[in-house]
Amino acid sequence: MRTIKGKVWKFGNDISTDLIIPGKYKFKTIDFNELARHAMEGADPNFASRVSKGDIIVAGTNFGCGSSREQAPVVIKHSGVSAVVAKSFARIFYRNAFNVGLPVIECPEVVDSIREGEEVEISLADGKITAGGKSYAFRPIPPFLMTILEDGGLVEHFKKRGGFVWEGR
Amino acid sequence: MGMTLAEKIISGKIGREPAPGEIVVLPIDAAMAHDGTAPLMIKSFEEMGAKSVWDKQKAIFVIDHISPSSNEGTSVLHKMMRDFARRHGITLYDVGSGICHQLLPEKGYVFPGGVVVGADSHTCTHGAFAAFSTGIGSTDMAAVFASGKLWFKVPETLRVNITGQFRKNVMSKDAILFAIGEIGADGATYKAVEFTGDSVVGMTMDSRMTMTNMAIEMGGKTGLIASDAKTRQFLKGRTRACFVELEADRDAPYSDELEIEAAKLEPMLSCPHQVDNVKPVSDMEGKEVDQVFIGSCTNGRVEDLRIAAKVLAGKRVKARTIVMPASREVLLDCLREGIVEDLVRAGCALGVPGCGPCVGGHHGIPSNGEVVISTTNRNFRGRMGNAESDVYLASPLTAAHSALNGKFTVPGGI
Numbered sequence: 001m002r003t004i005k006g007k008v009w010k011f012g013n014d015i016s017t018d019l020i021i022p023g024k025y026k027f028k029t030i031d032f033n034e035l036a037r038h039a040m041e042g043a044d045p046n047f048a049s050r051v052s053k054g055d056i057i058v059a060g061t062n063f064g065c066g067s068s069r070e071q072a073p074v075v076i077k078h079s080g081v082s083a084v085v086a087k088s089f090a091r092i093f094y095r096n097a098f099n100v101g102l103p104v105i106e107c108p109e110v111v112d113s114i115r116e117g118e119e120v121e122i123s124l125a126d127g128k129i130t131a132g133g134k135s136y137a138f139r140p141i142p143p144f145l146m147t148i149l150e151d152g153g154l155v156e157h158f159k160k161r162g163g164f165v166w167e168g169r
Numbered sequence: 170m171g172m173t174l175a176e177k178i179i180s181g182k183i184g185r186e187p188a189p190g191e192i193v194v195l196p197i198d199a200a201m202a203h204d205g206t207a208p209l210m211i212k213s214f215e216e217m218g219a220k221s222v223w224d225k226q227k228a229i230f231v232i233d234h235i236s237p238s239s240n241e242g243t244s245v246l247h248k249m250m251r252d253f254a255r256r257h258g259i260t261l262y263d264v265g266s267g268i269c270h271q272l273l274p275e276k277g278y279v280f281p282g283g284v285v286v287g288a289d290s291h292t293c294t295h296g297a298f299a300a301f302s303t304g305i306g307s308t309d310m311a312a313v314f315a316s317g318k319l320w321f322k323v324p325e326t327l328r329v330n331i332t333g334q335f336r337k338n339v340m341s342k343d344a345i346l347f348a349i350g351e352i353g354a355d356g357a358t359y360k361a362v363e364f365t366g367d368s369v370v371g372m373t374m375d376s377r378m379t380m381t382n383m384a385i386e387m388g389g390k391t392g393l394i395a396s397d398a399k400t401r402q403f404l405k406g407r408t409r410a411c412f413v414e415l416e417a418d419r420d421a422p423y424s425d426e427l428e429i430e431a432a433k434l435e436p437m438l439s440c441p442h443q444v445d446n447v448k449p450v451s452d453m454e455g456k457e458v459d460q461v462f463i464g465s466c467t468n469g470r471v472e473d474l475r476i477a478a479k480v481l482a483g484k485r486v487k488a489r490t491i492v493m494p495a496s497r498e499v500l501l502d503c504l505r506e507g508i509v510e511d512l513v514r515a516g517c518a519l520g521v522p523g524c525g526p527c528v529g530g531h532h533g534i535p536s537n538g539e540v541v542i543s544t545t546n547r548n549f550r551g552r553m554g555n556a557e558s559d560v561y562l563a564s565p566l567t568a569a570h571s572a573l574n575g576k577f578t579v580p581g582g583i
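Keeping their order, the protein sequence lines are chains A and B. Sequential numbering from 1 applies to the first sequence in this note's numbering. Sequential numbering from 170 applies to the second sequence in this note's numbering.
You may find that some hints are simply not true.
[To be verified] Cross-link-like lysine-lysine pairs, in silico, DSS-like; alpha carbons within 27 Å at most: (1) B:Lys433 to B:Lys487; (2) A:Lys160 to A:Lys87; (3) B:Lys322 to A:Lys87; (4) B:Lys318 to A:Lys159; (5) B:Lys276 to A:Lys159; (6) B:Lys220 to A:Lys160; (7) A:Lys7 to A:Lys160; (8) B:Lys225 to A:Lys159; (9) B:Lys248 to B:Lys276; (10) B:Lys212 to A:Lys159; (11) A:Lys7 to A:Lys87; (12) B:Lys318 to A:Lys160; (13) B:Lys212 to A:Lys28; (14) A:Lys53 to A:Lys87; (15) B:Lys405 to B:Lys225; (16) B:Lys212 to A:Lys160.
Since the hints were made in silico from the structure, they are not lab data. Computed from a predicted model, the values in this text were never measured in an experiment.
Work the whole structure out from these sequences, hints included.
See below:
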């Protein structure tokens with residue numbers, strides 16, 4: 001979990017949850033594999049059929065804006081994507097991603113220098129992304145969110161610990 | 170240093186002054202999920218092995234997004250919600266009750282100083298009642314249903330201060346579209362947006378809810394308005410909660426401020442396919458429109474339908490026009506006032522109280538190349554169910570005048 005390596009799919013700014021998983025699908029089923037067949041459909045209709053396990057999405061600002069649908073990070077994760085790197089995220093998407101166990105990294109500096117198809121490496125523990133032979137630092141993920149991520153999302157976290165990490169606060 | 174409205178509400182819960190950026194755990198006063206998010210919430214809740222809902226009086230389900238169901242898949246998910254609600258003894262507002270964000274205040278779940286979470290991004294609407302209210306995902310909601318608490322990062326606050334009189338043809342929708350155009354779709358990310366100024370004080374609760382509803386369209390965590398006599402009047406007989414009037418301190422620290430002179434605003438449009446792509450209606454005047462939708466949690470209240478009815482009474486729409494009241498209570502008020510009759514006689518199609526075509530599931534999906542004027546809150550590509558259509562967001566007044574002419578029309582006065 002702590003080191004992630006993969007091939008990049010690039011997207012622009014304001015990739016909304018309507019582009020990630022159009023509303024018309026999410027009202028009909030909660031079968032994640034069925035929903036994942038439509039991952040990123042609004043932004044790139046070929047994405048779901050061509051994405052490989054371990055690939056990384058790199059995008060601009062405000063990724064995941066729009067509705068609160070958790071199906072958005074779910075379909076990205078179930079399509080095989082191992083992490084999303086963006087200049088910035090919409091806040092509900094950001095929370096949801098950790099809750100479903102999808103690592104998301106805010107690193108505005110690295111995005112423009114990464115090309116589609118390039119291999120990048122992310123070290124979650126060190127807060128470092130390596131692309132094109134260069135290293136970029138990002139603000140480390142807060143420890144309690146890291147705990148949820150390492151447990152495999154909020155459901156697994158609760159099952160494992162019988163409570164929520166923030167309850168002790 | 171004084172506190173912003175968001176900080177005041179949070180401090181009321183934790184018993185001390187919070188610092189922006191700090192993570193706090195807050196007890197929840199109302200938690201809502203709808204048919205787009207509850208099924209996944211139920212799945213997470215059950216997979217967690219949670220046994221019971223923390224407080225049956227504070228957990229609410231609403232079937233509003235695809236309501237009534239349009240297909241078998243949705244019907245299965247609706248049944249899943251009804252079964253869960255029955256099993257756990259929580260309230261479910263079924264088909265025809267209305268939109269969650271209209272129902273929560275109507276049914277008394279929202280009050281000044283309360284903390285409200287909804288598995289829907291437009292939960293920020295309830296900040297119009299000086300409640301700290303924000304959208305969360307399904308699994309966060311499962312955690313709330315199980316424990317009654319959730320973590321939040323204390324937000325900084327962006328203030329939108331609106332002063333002076335609006336022109337006769339300008340509504341609060343035009344003001345919020347203008348503000349989103351200025352701030353941008355992500356300009357308020359992680360921040361609370363507080364609406365202040367004498368123009369906001371002068372607004373009805375219906376108009377205020379339109380403003381806070383769209384705070385999320387600039388990335389805001391919640392939209393907030395100080396409570397006053399109007400808030401109290403609306404909540405009278407609805408909530409049993411005891412509350413005090415809440416407003417920000419005079420010396421509250423704001424991270425950013427936007428000043429708007431109401432008198433300078435004109436009717437606005439949000440153009441395809443981004444909410445922050447905002448232009449005056451006059452830029453588009455005369456462009457043909459195929460479908461008009463008046464409704465939603467943004468603009469489906471009595472005031473909105475009353476304004477549309479005033480424009481359309483005794484006349485005939487030229488564009489296909491769909492009207493949906495935001496709730497059963499709104500529909501009943503509109504029936505009593507004769508608003509429904511005026512709209513239906515003018516050729517509008519009246520729908521069941523609910524979200525309708527706003528989310529693109531049913532009840533008015535546009536065809537390829539069609540142009541829609543909608544009083545809703547989002548115009549992302551594909552939002553109304555067809556990626557090949559163009560959706561423009563506008564006020565009910567602009568929508569009604571445009572429906573009448575079959576063309577984008579700068580409205581006359583109310």
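Please write out, lowest number first, the hints stated earlier that are contradicted by the structure. 1, 2, 5, 7
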